Amino acid sequence: MALLSVKDLTVKFAMRDQSVTALNGISFDLAKGERIGIVGESGAGKSITGFSLMKLISKPGYIDGGQILFDGQDIAQMDEPALREIRGNQMAMIFQDPMVTLNPVLTIGEQMVETLRAHRKVSREEAEQIAIVKLREVYIPSPEERLRQYPHELSGGMRQRIIIAIALLLEPKLIIADEPTTALDVTIQADIMDLMLELCTTNKVSLILITHDLGVVNQMTERTLVMYAGRIIESGRTREIINDPQHPYTQGLINALPQQTVPGQPLKQIPGSMPSLNNIPMGCAFHPRCAYATARCKTEIPSTLRFGAVEVACHEVERLKAGEARANEVGLAKAKADGPATSAESANALADTTGS
Amino acid sequence: MSAQTSTTARRSSFWQSNFVYSFRKSPVAIVSMIVFALIALAALFAPWIAPVDPYDQALFDIMDSELPPVWQTYGDPRFLFGTDPQGRDMLSAILYGTRLSLLIGVCAVAVQAFLGISIGLIAGYIGGRLDSLLMRMADIQLSFSTLMVAIIFLAVSQAIFGSDTFNKYAIFMLIVVIGVAEWPQYARTVRACVLAEKKKEYVDSARVLGFGPLRIMVRHILPNALSPIFVISTVQVANAIISEASLSFLGLGMPPSQPSLGLLISSGFDYIFSGSWWITTIPGVVLVVLVLVINLLGDWMRDVLNPRLYKGDK
Amino acid sequence: MFAYLVKRAFQAIAVMFVISVVSFAIQDNLGDPLRELVGQSVSEEVREQLREELGLNDSFFTQYLRFAWKALHGDLGTSYFFKEPALTVIFKKLPATLELVFGATFIIIGLSVPLGVYTAIKPNGLFARVVMGLSIVGISVPVFLTAIAMIYLFSVELQWLPSFGRGEVVAVFGHWETNFLTVDGWKHILLPSIALASIMLPLFVRLIRAEMMETLQSEYVKYATAKGVRPMRIYFIHALKNTLLPVITVGGVQIGTMVAYTILTETVFQWPGMGFMFLEAVNRVDTPLIVAYLIVVGFIFVVTNTIVDLIYGLVNPTINIARMGA
Chain A
1 MALLSVKDLT VKFAMRDQSV TALNGISFDL AKGERIGIVG ESGAGKSITG FSLMKLISKP
61 GYIDGGQILF DGQDIAQMDE PALREIRGNQ MAMIFQDPMV TLNPVLTIGE QMVETLRAHR
121 KVSREEAEQI AIVKLREVYI PSPEERLRQY PHELSGGMRQ RIIIAIALLL EPKLIIADEP
181 TTALDVTIQA DIMDLMLELC TTNKVSLILI THDLGVVNQM TERTLVMYAG RIIESGRTRE
241 IINDPQHPYT QGLINALPQQ TVPGQPLKQI PGSMPSLNNI PMGCAFHPRC AYATARCKTE
301 IPSTLRFGAV EVACHEVERL KAGEARANEV GLAKAKADGP ATSAESANAL ADTTGS
Chain B
1 MSAQTSTTAR RSSFWQSNFV YSFRKSPVAI VSMIVFALIA LAALFAPWIA PVDPYDQALF
61 DIMDSELPPV WQTYGDPRFL FGTDPQGRDM LSAILYGTRL SLLIGVCAVA VQAFLGISIG
121 LIAGYIGGRL DSLLMRMADI QLSFSTLMVA IIFLAVSQAI FGSDTFNKYA IFMLIVVIGV
181 AEWPQYARTV RACVLAEKKK EYVDSARVLG FGPLRIMVRH ILPNALSPIF VISTVQVANA
241 IISEASLSFL GLGMPPSQPS LGLLISSGFD YIFSGSWWIT TIPGVVLVVL VLVINLLGDW
301 MRDVLNPRLY KGDK
Chain C
1 MFAYLVKRAF QAIAVMFVIS VVSFAIQDNL GDPLRELVGQ SVSEEVREQL REELGLNDSF
61 FTQYLRFAWK ALHGDLGTSY FFKEPALTVI FKKLPATLEL VFGATFIIIG LSVPLGVYTA
121 IKPNGLFARV VMGLSIVGIS VPVFLTAIAM IYLFSVELQW LPSFGRGEVV AVFGHWETNF
181 LTVDGWKHIL LPSIALASIM LPLFVRLIRA EMMETLQSEY VKYATAKGVR PMRIYFIHAL
241 KNTLLPVITV GGVQIGTMVA YTILTETVFQ WPGMGFMFLE AVNRVDTPLI VAYLIVVGFI
301 FVVTNTIVDL IYGLVNPTIN IARMGA
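Chains as they are written, first to last, in our numbering: chain A, 1 to 356; chain B, 1 to 314; chain C, 1 to 326.
For the record, the hints were derived by calculation from the structure and aren't laboratory data. Keep in mind that this is a model prediction, so the values were computed, not measured. Note that the Cβ used here is the ideal one computed from N, Cα and C, for glycine as well. Hints should not be assumed to be uniformly reliable.
What the hints assert, rightly or not - Calculated cross-link-like contacts (lysine-lysine; reagent style DSBU-like; alpha-carbon spacing at most 30 Å):
no.: 1; chain 1: C; residue 1: 241; chain 2: A; residue 2: 204
no.: 2; chain 1: C; residue 1: 187; chain 2: A; residue 2: 55
no.: 3; chain 1: A; residue 1: 121; chain 2: C; residue 2: 7
no.: 4; chain 1: A; residue 1: 59; chain 2: C; residue 2: 241
no.: 5; chain 1: A; residue 1: 59; chain 2: C; residue 2: 7
no.: 6; chain 1: A; residue 1: 173; chain 2: C; residue 2: 83
no.: 7; chain 1: A; residue 1: 121; chain 2: A; residue 2: 32
no.: 8; chain 1: A; residue 1: 7; chain 2: A; residue 2: 55
no.: 9; chain 1: A; residue 1: 59; chain 2: B; residue 2: 168
no.: 10; chain 1: C; residue 1: 70; chain 2: A; residue 2: 121
Stated by the list, open to error - Calculated from the model, a selection of chain A residues having no Cβ within reach of chain C, i.e. all distances over 12 Å:
no.: 11; residue: 112
no.: 12; residue: 151
no.: 13; residue: 237
no.: 14; residue: 258
no.: 15; residue: 283
no.: 16; residue: 296
What the hints assert, rightly or not - Partial list, derived from the structure: chain B residues whose beta carbon lies under 7 Å from chain C:
no.: 17; residue: 33
no.: 18; residue: 37
no.: 19; residue: 148
no.: 20; residue: 151
no.: 21; residue: 218
no.: 22; residue: 222
no.: 23; residue: 223
no.: 24; residue: 226
no.: 25; residue: 229
no.: 26; residue: 230
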């Protein structure tokens, strides 16, 4: 049985006149010990997904429908006391910016001890001993001293390690990490990721990693969900998604990676930008930015289908595949990595196939 | 990035419509605005509305003294709100008193705004030692409450110049002292705005284009400080009116021959014990309603505009 | 720590210096000490001789130094009216004013923290709306009107509480007479304290509420929730502590304001404190007393502000007093 099973989760925000939909029918499963990544541009709904899993969306946001089955219990239906049992205990969260996550007026020790004592009947001294053990696990030097320090006395990387230690305090089944390294120096980012990977595998903790960095997803996760405008548009094994993306948006994301660009050439960015929540286009939300959009894409929301090794929500995916194959045959297309999104030739080839 | 320019353009018109929208949606704001407009109009046209001239002692008749309002027994139809111990018509006195209170309040805030905005712009734009000196002065000025400074200043000037000279210039003294004492409120907020705006590119580009500091400050930076200035001004007018009333109540403000609301309340205080409640109560109610509606409008505006106001943290 | 203290002390001395110059300038221009001393019926020659003896013909600077020297030794002149050293007169009146300020502070702190926190936690509840509505009315009513209204209601109409004076006081350590040891004293101090608190209380409630609501939106509060910490702990340990930091700074400034409002409250309630005394001194042109009042009040301001700054530094872990001012 899956540890976490999200079914048709819908989250809305109540605005002045109407409510806008931030998450539109999200469904996915997560097995025990599995690590998945959620990727997409900012505004895609990645963070909201992370926070709704703990029912931590603040007003005016609310869960409008769907289920979040965690160990068989539906979090979406839980009241605050029941949620408190789960939060920090069975499910922990690592926030984006360690500079603002820890309370500036409380010592590290106090913020660790309170977490333990919120869930377990332990004395202050016992709690401090556990905290010290966990700080060692995240390679923090002289942890006894750290307990008496305030957050501002520590560097960003150190603080994020402490936050990881707090996440591990109660040996949770699932850790949700929301862009855990975005706010940190590039040099520290890799260290933190390695640390998280190591801790998750040794402790057999499931991980949901929210990020916009496909490289990190590739390194850290087994499966990937690609989000766009509040929906999952493609999901599958990370390797498949990175090597053989199906959705034009995913292809665009991968093509935009600096590694995919010939030095000296501009980055191949996806034209346009993520629509705002109160202005999501009809049909497939990606169609205004998509080179393959047809009349159908403008009116009909694509449903998710199994396509090869992945699940993808795109009307044109078969045609795309066919066009690619044909292009390969004719020998017009270049390297796979170039992708149809930027190659005028393959676009022409695509037009040919549909035309005939 | 490309969307940024279009959102900024959209935001200004959105701001306008949002402002109007929330006004129409807020019954408190509408009622406050109406009440304020009525009081302000009555004050503005006091010389035409008032039944008599309350400053002309020759018009008072001692036989009419301490008459209750018309709706009470012994009320006299000539005096809607009754009379004071001198036989002065309370309605006229209140209309003129409100006029004075509003005038002093608005002018004092104009002085504050002028001083505070100038100092704030200079401190923020020039920065360095001058900035820290000016802000240190602002801190010290604020730690001595306005009322304290005003009481001491007015008390001493009254003692030095004698009450005759003092009374003649009382209105200017009030405006100046309330105006000067509160400049830090504006200066701190404007300075914060300048510091925030100074970092932005458009200020650099204006400088590169060769515009002088004065033009950059007034044309480019100041408009961004408008909404906090607006919110502060509303609250400050309310505070200035209260300050003026308090000073006049202590006998350090307007002279008895030209009573403001504060002095009317004070002159009625002695008669409360004898049952002549209206001499204090009616001007008191007018004062409270006036200040209240201004504060309510200020509150509503703060909620809508949500400006970055200076806060006391370091 | 030491450097910070020194810096703070220097600033306090600078402010006191400005206050003393202003006070001296007032003394120099206000009234004629000669007339107070010998009256009108003395010949011009004798007057000139007296002037010389008293040093009134010296330069402003010399006279100021003399004034400052005496002031440092606790000599601020003799009150014309009381025929006593001005400082002695003020110290007799000081306890009454301080007790009033103490009573008002007690009411303000006791009510503003719970009300501010509650209205921040449940901003849309009926009680919170009532409190917020009352607070804006409270801000709009001048202190003297609140005082008059309370006198009218509780003294004139209901006749429950006295309307003026300190009532029965008990002397504790030397000159200090207190209201807090007799029932009659409590009855007398109740209305003036409420009146004095009436303008600050709504300000503090609104300030604490605004700061608290902002703090409740912060990432660290959200994080504490994500850790499964109980709401009460979040409100009072995580949020309130951060809320009180700016409140302490603003509160320190308000202490100064409160001294000013004692003048109003004491006038309405005929409270025999130094505010009431100051207005009387102004009416009698009792220059030494006016000047002494200025210096004492200035001193109170400077001391409280310095203490508030120090407390802020001690409470806020992100300010390292030890390293500040270096």
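Against the structure, the hints come out as follows:
At roughly 38 Å between alpha-carbon atoms, residue 241 (chain C) and residue 204 (chain A) are farther apart than 30 Å, so this suggested pair is violated. Between residue 187 (chain C) and residue 55 (chain A) the alpha-carbon distance is near 53 Å, which puts this suggested pair outside the 30 Å criterion. Between residue 121 (chain A) and residue 7 (chain C), the direct Cα distance comes to roughly 48 Å. Violation of the 30 Å bound is thereby established for this hinted pair. Of the pairs offered as hints, the one joining residue 59 (chain A) and residue 241 (chain C) holds, with about 23 Å between alpha carbons and a cut-off of 30 Å not exceeded.
Our distance criterion of 30 Å between C-alpha atoms is broken by residue 59 (chain A) and residue 7 (chain C), whose separation comes to about 46 Å. Pair hint residue 173 (chain A) plus residue 83 (chain C) does not hold up; C-alpha atoms about 83 Å apart against a cutoff of 30 Å. Our distance criterion of 30 Å between C-alpha atoms is met by residue 121 (chain A) and residue 32 (chain A), whose separation comes to about 27 Å. At most 30 Å may separate the alpha-carbon atoms for a hinted pair to count; residue 7 (chain A) and residue 55 (chain A) meet this at roughly 14 Å.
Straight-line distance between C-alpha atoms of residue 59 (chain A) and residue 168 (chain B) comes to about 58 Å, which puts the hinted pair past the 30 Å bound. Proposed proximity of residue 70 (chain C) and residue 121 (chain A) is contradicted: the alpha carbons are some 66 Å apart, above 30 Å. Distance check on residue 112 (chain A): its Cβ comes as close as 10 Å (rounded) to a Cβ of chain C, failing to clear the 12 Å threshold; non-interface status is violated. At roughly 9 Å from the closest C-beta of chain C, the C-beta of residue 151 (chain A) falls inside 12 Å, breaking its exclusion from the interface.
Every C-beta of chain C lies more than 12 Å from that of residue 237 (chain A), the closest at about 29 Å, which supports listing it as non-interface. Consistency note on residue 258 (chain A): stated as away from chain C, and its beta-carbon is indeed over 12 Å from all of that chain's, at 30 Å minimum. Distance to chain C confirms residue 283 (chain A) as a non-interface residue, since its nearest Cβ pair spans about 35 Å, more than 12 Å. Even its closest Cβ contact with chain C, about 42 Å, leaves residue 296 (chain A) beyond 12 Å, as expected for a residue assigned away from the interface.
Annotation: interface hint on residue 33 (chain B) violated; nearest CB of chain C at approximately 16 Å, more than 7 Å. Interface hint status for residue 37 (chain B): violated, as the beta-carbon distance to the closest one in chain C is roughly 18 Å, over 7 Å. With a cut of 7 Å, the hint placing residue 148 (chain B) at the interface with chain C holds, because the nearest CB-to-CB distance is about 4 Å. Nearest Cβ of chain C to the Cβ of residue 151 (chain B): about 6 Å, under the 7 Å cut. The hint holds.
Residue-level restraint check for residue 218 (chain B) is violated (minimum Cβ-Cβ distance to chain C is 31 Å; threshold 7 Å). Because the closest C-beta pair between residue 222 (chain B) and chain C is about 26 Å apart, greater than 7 Å, the hint is violated. Interface hint status for residue 223 (chain B): violated, as the beta-carbon distance to the closest one in chain C is roughly 26 Å, over 7 Å. Here the hint on residue 226 (chain B) is broken, as its CB sits about 22 Å from the closest CB of chain C, past 7 Å.
A cut of 7 Å between beta carbons decides the hint on residue 229 (chain B): the least distance to chain C is about 19 Å, and the hint is violated. The criterion of a C-beta within 7 Å of any C-beta in chain C is not met by residue 230 (chain B), whose closest approach is roughly 18 Å, and the hint is violated.
In the structure shown, a violation is registered for the earlier hints numbered 1, 2, 3, 5, 6, 9, 10, 11, 12, 17, 18, 21, 22, 23, 24, 25, 26, in ascending order.
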